[in-house]
Every structure is written in structure tokens, then in C-alpha cells.
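Colleague: Take my numbering: the final residue in the sequence shown is number 129, and no numbers are missing along the way.
Hints in this document: simulated from the structure, not taken from any laboratory.
A few of these clues could be false.
As the list claims (entries may be wrong) - Keeping only pairs whose Cα atoms sit at most 27 Å apart, straight-line, the calculated DSSO-like set for lysine-lysine is:
1) Lys92 - Lys108
2) Lys71 - Lys54
3) Lys82 - Lys72
4) Lys72 - Lys108
5) Lys83 - Lys94
6) Lys115 - Lys126
7) Lys108 - Lys125
8) Lys82 - Lys94
9) Lys71 - Lys82
10) Lys92 - Lys82
As the list claims (entries may be wrong) - Computed spacing ranges between beta-carbons, pair by pair:
11) Lys72 - Ile29: 42 to 50 Å
12) Ala81 - Thr101: 16 to 24 Å
13) Gly100 - Lys125: 29 to 37 Å
14) Lys108 - Gly49: 48 to 56 Å
15) Lys83 - Met110: 18 to 26 Å
16) Lys126 - Thr101: 35 to 43 Å
For glycine and all other residues, C-beta sits at the position ideal for the given N, C-alpha and C.
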Amino acid sequence: MVRLPIVSNNIDGSNINNNIVACKALLLGCRLTKGTTSFGKRHNKSHTACRRCGKTSFHIQKKTCSSCAYPAKKMRNYNWSEKAKGRRTTGTGRMSHMKTMTRRFKNGFREGTQAKKQSE
């Protein structure tokens, strides 16, 4: 059994309480740290890359994406996160179809005609 010297400097005996906690930790074989030693244990991945959104948000055991809700048909989005909605809204990609729409709308979606020659 491990014994620590109990030293009390304070009237309230806070050092005694600290020593008792340290003794319990030593007996249980654990450390009194939440930092560096705990981070060394993190080597299991709970999330992997999502097929739909590409983020590392697809939970392997649950089989759902925490970012876009894949495999659900509807994309995940909430009004309380305006920034997240802006990251994946219209205009953030190539817009290969939509970028010609304003010009075509202005001309009334005409097709199969030729522009009239301008007379000088």
C-alpha cells in the first residue's frame, strides 16, 4: 500500500482533502490529468468522409452524416445557423445552368432566332 505524508497548513484542512484525492487516484492507478495523457488515447475514428457533402462527418456506427444527414433524402439545414446555410446555397458552386438564366430571362427565353442586324 502506498502512503503519503499528510501535511495540513490550512485551518480548513484543504490539503488533507487534496492528499486523500491523490491517494485514491494512486490506488486506482489513474492520473490527475485531463490533458496530454488523455489525448494520447485518441486513436479510434468515429467519423469518416461523407459521400454527399465530402466532410469528415459520416458516423461509421450510426451510418448517418452529421453535416448533411445523408442517407436521408432531404439535406440537413437549420435557420439557427445562417452561416452554414450560406456555405452550401445557390451561387457557391459552378452554377453551369443557373449562370445563363438571367440573360435568357431578360430576352424572354427565345430560341431558334437570330438577332436583327443593327442599321447604321
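Colleague: Taking each numbered hint in turn, which are not upheld by the structure, reported in ascending numerical order?
Modeller: 4
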